[in-house]
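Participant: The residues making up each chain are set out below.
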Amino acid sequence: MSRPKNVIIRYSATNRVNHWITAICFVLLVLSGLAMFHPMLFFLSGLFGGGQWMRAAHPWIGIVLLISYLAMIVQFWRENLVHQDDIEWLKQARFIVSNQEERAPQTGRNNAGQKIVFWSMALLIPVLFFTGLLIWEVYFGAATSIPVQRAAVLIHSLAAIAAILVWIVHVFAAIWVRDSVRAMTQGYVTPGWAWRHHRKWLEELASGQHDETNDRKRP
Amino acid sequence: MSDLQSQDLVRRSASTMTPPSVRSHVEQVAKLIDVSRCIGCKACQAACMEWNDLRPEIGHFEGSYENPADLGPSVWTLMKFAEYENEQGNLEWLIRKDGCMHCEDPGCLKACPAPGAIVQYANGIVDFISDKCIGCGYCVKGCPFDIPRISKQDHKAYKCTLCSDRVAVGQEPACVKACPTGAIMFGSKTTMQEWAGERIVDLKSRGFEQAGLYDPPAVGGTHVMYVLHHADRPSLYSGLPDHPRISPVVEAWKGILKPLALIGVGLAAVVGFFHLIIEGPNEVTDEDEAAGERVLRESESEKSP
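Residue numbers (the working numbering), protein chains in the order written: chain E, 1098 to 1316; chain B, 20 to 324.
It is possible that part of the hints are untrue.
What the hints assert, rightly or not - To give a feel for the contact side, a few chain E residues facing chain B, derived at Cβ under 8 angstroms:
id, residue
1, Ile1106
2, Leu1144
3, Phe1145
4, Gly1148
5, Arg1247
6, Leu1262
7, Val1274
8, Arg1275
9, Val1278
10, Gln1283
11, Thr1287
12, Leu1299
Claimed, not checked - Heads up, simulated SDA-like pairs for lysine to any residue below, C-alpha to C-alpha not over 20 angstroms straight-line:
id, chain 1, residue 1, chain 2, residue 2
13, B, Lys277, E, Ala1248
14, B, Lys175, B, Pro134
15, E, Lys1297, B, Thr304
These are calculated hints, taken from the structure and not from any lab test.
Ideal placement from N, C-alpha and C gives every residue a C-beta, glycine not left out.
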């Protein structure tokens, strides 16, 4: 891999593999879930080899997603802890969305928006998992009463829609804030990227607070 | 039977288009089960197995006349026996033939996500088109009467078809044909309602003041109706729902949530796209790179003495 000379490792190979397993599972679950949610999207079942295959595969992909996201929580929970300045950053959100980021407070490794995405998914994925178990007809069809399953399927749908909305925000931000995708595909960011979007993190790196985890390639 | 009657559909699961409606003149049919004339012989159960080639597994004695213990993928109708001690202290043996009620507004069809896996014919019969079934079990959640059962062998839902194959060629359902006391009748829905009216008058004259017809309005009426001696308390008959309706939870899930969710998700994506078009990407400038480099360089020079 050819890298620019001065780069900062933002996501390790483990981080990236974990993220993309989660991402693939999530996309497959969205496609199969929407196919079972709305008749106009039932054609998506063709991507899974038909309705029966889709119905059979969806819960298993969900299990992989849960395990994968739990691993993400283990790796990322610390840097997503919420601080006082996150509230301040959110109050200045209008500057962020209008590309006047310099007028908003400086952020550490993650900004409040990233933390919201992280913790929203940390809440929604377990909710989807447990409600999903209750409506997993093959194994748990007889485990709970029908009214419980009705409530579970409604909560499952609502949580799924919420998760899709969070995911849209996540993907949008990754495309909008240029070179963020590269951080998750190739692992590195430039010092300018860190300066612009996560200045406190850059300063922490510079003062040697993260030396053990962030290997930076200098000429 | 889906191909033979493909022009006779009035409702089709998971379909946003109007079903074929040219031939919608077909007369509404109904099965009338007169509980007061049933002797519990189970001829209807045997006839159902015979006609539909259903052979449920041999089960175990559960201390009840009910055999098998419950409806199943290959048990589409089941005699249910309830012992009820009335106000006079006398025992009443309330025997009810359980099975699909063929609702005019079927909850199973509303809940089904597979296009065309559940249909309603113009004559009112609700039928499962099994090759289109994906085995999700949503029909079980949609049904107000706890009728559909999912097979563990082929992961498909099954229930009474009201012998749609027989009815399509002008015959009555197998259970009707087999009933030795005339407790099960079949014909047009209006004829059955009239006949039920006569029976109810007769029952009332014999002291069953609360006799009546079970044709619950909250599901639009049903194409299987009961004459009950205690129509004020249907639940006496092995838990026949007093006020069956499609659960509001199912109505919300399959009603307002579907369009709302798609609009919401679509809107979020569109807003994101046009934000990019209007505001443009958030890009790192050369000044940012210089400033970032400077921060790293300064820290490096501080460290090296």
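Participant: Less than 8 angstroms between beta-carbons is the criterion; does Val1274 (chain E) satisfy it with respect to chain B?
Facilitator: holds, 5 angstroms
Participant: Can we keep the Phe1145 (chain E) interface hint, with Cβ of chain B closer than 8 angstroms?
Facilitator: violated, 10 angstroms
Participant: Check the hint pairing Lys277 (chain B) with Ala1248 (chain E) against an upper bound of 20 angstroms on the C-alpha distance.
Facilitator: Roughly 16 angstroms separates the two Cα atoms, so the pair holds.
Participant: Given Gln1283 (chain E) as an interface hint, is its Cβ closer than 8 angstroms to any Cβ of chain B?
Facilitator: violated, 15 angstroms
Participant: For the hint on Arg1247 (chain E), just tell me whether its beta-carbon gets within less than 8 angstroms of chain B.
Facilitator: holds, 4 angstroms
Participant: Does Arg1275 (chain E) pass the interface check with chain B, least Cβ-Cβ distance below 8 angstroms?
Facilitator: Nearest chain B Cβ about 5 angstroms off; hint holds.
Participant: Given Ile1106 (chain E) was flagged as interface, is its beta-carbon under 8 angstroms from a beta-carbon of chain B?
Facilitator: Given a least distance of 13 angstroms, the restraint on Ile1106 (chain E) is violated.
Participant: Any CB of chain B closer than 8 angstroms to the CB of Leu1262 (chain E)?
Facilitator: holds, 5 angstroms
Participant: Can Val1278 (chain E) be said to touch chain B, with a Cβ gap under 8 angstroms?
Facilitator: violated, 11 angstroms
Participant: Verify the interface restraint on Gly1148 (chain E): the C-beta must sit less than 8 angstroms from at least one C-beta of chain B.
Facilitator: Constraint on Gly1148 (chain E) satisfied, holds at 3 angstroms.
Participant: So, as I understand it, the hint says Leu1299 (chain E) touches chain B; can you test that by seeing if any CB pair is closer than 8 angstroms?
Facilitator: holds, 6 angstroms
Participant: Next pair to validate is Lys1297 (chain E) with Thr304 (chain B); report whether the Cα-Cα distance is within 20 angstroms.
Facilitator: Judged against 20 angstroms, a Cα distance of about 18 angstroms means the pair holds.
Checked against the numbered hints given earlier, this structure breaks hints 1, 2, 3, 9, 10; the rest are met.
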